[in-house]
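Novice: Residues per chain, in single letters:
4 protein chains.
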Amino acid sequence: MPEITPRLDFQIGEKAEFSKTITESDVVMYAGLSGDFNPLHVDEEYAKTSRFGGRIAHGLLTTGLISAVVGMKLPGPGAIYLSQQLKFTGPVRIGDTITAVAQVAGWLPEKRIVTLKTDCFNQRGEQVIAGEAALLVEPAAG
Amino acid sequence: MPEITPRLDFQIGEKAEFSKTITESDVVMYAGLSGDFNPLHVDEEYAKTSRFGGRIAHGLLTTGLISAVVGMKLPGPGAIYLSQQLKFTGPVRIGDTITAVAQVAGWLPEKRIVTLKTDCFNQRGEQVIAGEAALLVEPAAG
Amino acid sequence: MPEITPRLDFQIGEKAEFSKTITESDVVMYAGLSGDFNPLHVDEEYAKTSRFGGRIAHGLLTTGLISAVVGMKLPGPGAIYLSQQLKFTGPVRIGDTITAVAQVAGWLPEKRIVTLKTDCFNQRGEQVIAGEAALLVEPAAG
Amino acid sequence: MPEITPRLDFQIGEKAEFSKTITESDVVMYAGLSGDFNPLHVDEEYAKTSRFGGRIAHGLLTTGLISAVVGMKLPGPGAIYLSQQLKFTGPVRIGDTITAVAQVAGWLPEKRIVTLKTDCFNQRGEQVIAGEAALLVEPAAG
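Residue numbers (the working numbering), protein chains in the order written: chain F, 1358 to 1499; chain E, 1358 to 1499; chain W, 1358 to 1499; chain U, 1358 to 1499.
Chain F extracted, bound-state conformation:
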């Protein structure tokens, strides 16, 4: 087991990010994992007739990149999710490359709670998710 020493100080404004291309495989697997087979995500014939003109990724699939950036980088390993607010501000199409950006908005050292702006952007810089998260940073007992 690696030594995991969570950070216990954060600067307002510091940032971390994580990027991934959202593929057809991601959409298929997320449908299977969640049980959300909304035809906007899994039925190309239906989706062609929608305002999007084709299948789009599940909003909560894209949100997973926020999970990655907060769980892996800021605040990082060992952090415990308390809350997440999400506005889905634009569609994510298959093949889009999404960057999740977490930026420290607040830090309460006595409660060990860090609050973050959590936004996602596509490869053209268009915002697709606007959000906020709170996480508890806790050293493991071991």
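Treat the hints with caution; some may be incorrect.
One copy or two, it doesn't matter: identical chains are merged, so the pair holds either way.
[What the hints assert, rightly or not] Using 20 Å as the maximum straight-line C-alpha spacing, the simulated PhoX-like pairs for lysine-lysine come out as follows:
id: 1; residue 1: 1405; residue 2: 1377
id: 2; residue 1: 1405; residue 2: 1444
id: 3; residue 1: 1444; residue 2: 1468
id: 4; residue 1: 1377; residue 2: 1430
id: 5; residue 1: 1372; residue 2: 1430
id: 6; residue 1: 1474; residue 2: 1444
id: 7; residue 1: 1377; residue 2: 1474
id: 8; residue 1: 1372; residue 2: 1474
Since the hints were derived computationally from the structure, they do not count as laboratory data.
None of these values were measured; they are calculated from a predicted model.
Dock chains E, W and U against the given chain F, drawing on the hints supplied.
Specialist: For chains E, W and U alone, coordinates are given in the frame of chain F:
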């Protein structure tokens, strides 16, 4: 392509739900899909030393059951996610069976926006997520 | 349970091979299984700016085809991997069809160890992996 | 696209690590991804009769954790794999938690090649893989 005719009226208080057992496979696959390998989720030796005493599911993995209930049942196929608020109020352990419940809190027919309470409970009735969602209900053009 | 009788003689120079097209799904799933989200493999926008001009497969994903040929064909079911040397001599792009070739280089009957050249080639015959493996061939007790 | 600026200096002896519990799901999915259905990995009845007394993980599945540590941490994003040597020094059973450790053994700044010791250990500190890797560190052109 099946005919998908979205509902255009909702009663305040009406409910739908969806349940699934969260397995170790779900957690492994969600880590892989999201990129979130926080050791609380994927490293049993670390997780044993945490307050939870073992691996827990990603909060956003459990949230996927809300995606299922809103995308499949209420408001159902064709609905477009506008926003989701989430509080993670308790841990979900591997083997827990989670029920996501969506309940209509508001309906704006002129904007075709339905708002929902979206809560998740484990097999003992303990709440693990408290949330709210807004969805746009839209007939496909085709 | 099928009867598995491992071979206990091998001719220097004998060969076996296994081919598979490396798809975008393979790359997405391998990232998830390994935890390796190097942007060369999962971020098309970044990868376009690299020397490869687009996403390439993980070297160890392609190596899996060697695992298949040694575990399934030569020496085959029941073989125990002792070592593997690998040189990654060329990129594997999404859509390439890779053939893994194992060829017997040595056989120590008293130790039941077979050594193999293990090379991989793309659909144009270009070598992408050059390697060597050693496996222990062992009859099951049952 | 995030700015990815690869490091161009390394200290001999510096270390990074990554840990994950190897689950039955990982073994099943790796068999499907690689095509290696060696009964030692996928046939519990056969594996019970082997020296291991049950299914073990594919050696190259465990090796994926080395891919993660070199692709994500040391040298990190953008690194290109040149070679990997592997000795499989002990079995990995379903449920074992494996830590991959990469440690800088050499750095050739004019060629931008970093060499690493790459070892894997289980939760009892027993070594299961001993290896060495070489990676090319390259700034993207963009």
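Novice: With reference to the structure, classify each hint as holding or not holding.
Specialist: Now the hints, each set against the structure:
no. : hint         : in the structure
1   : 1405 to 1377 : between (24 Å within a copy, 13 Å between copies)
2   : 1405 to 1444 : neither (24 Å within a copy, 30 Å between copies)
3   : 1444 to 1468 : between (27 Å within a copy, 17 Å between copies)
4   : 1377 to 1430 : both (15 Å within a copy, 17 Å between copies)
5   : 1372 to 1430 : both (9 Å within a copy, 18 Å between copies)
6   : 1474 to 1444 : both (12 Å within a copy, 16 Å between copies)
7   : 1377 to 1474 : within (19 Å within a copy, 29 Å between copies)
8   : 1372 to 1474 : within (9 Å within a copy, 31 Å between copies)
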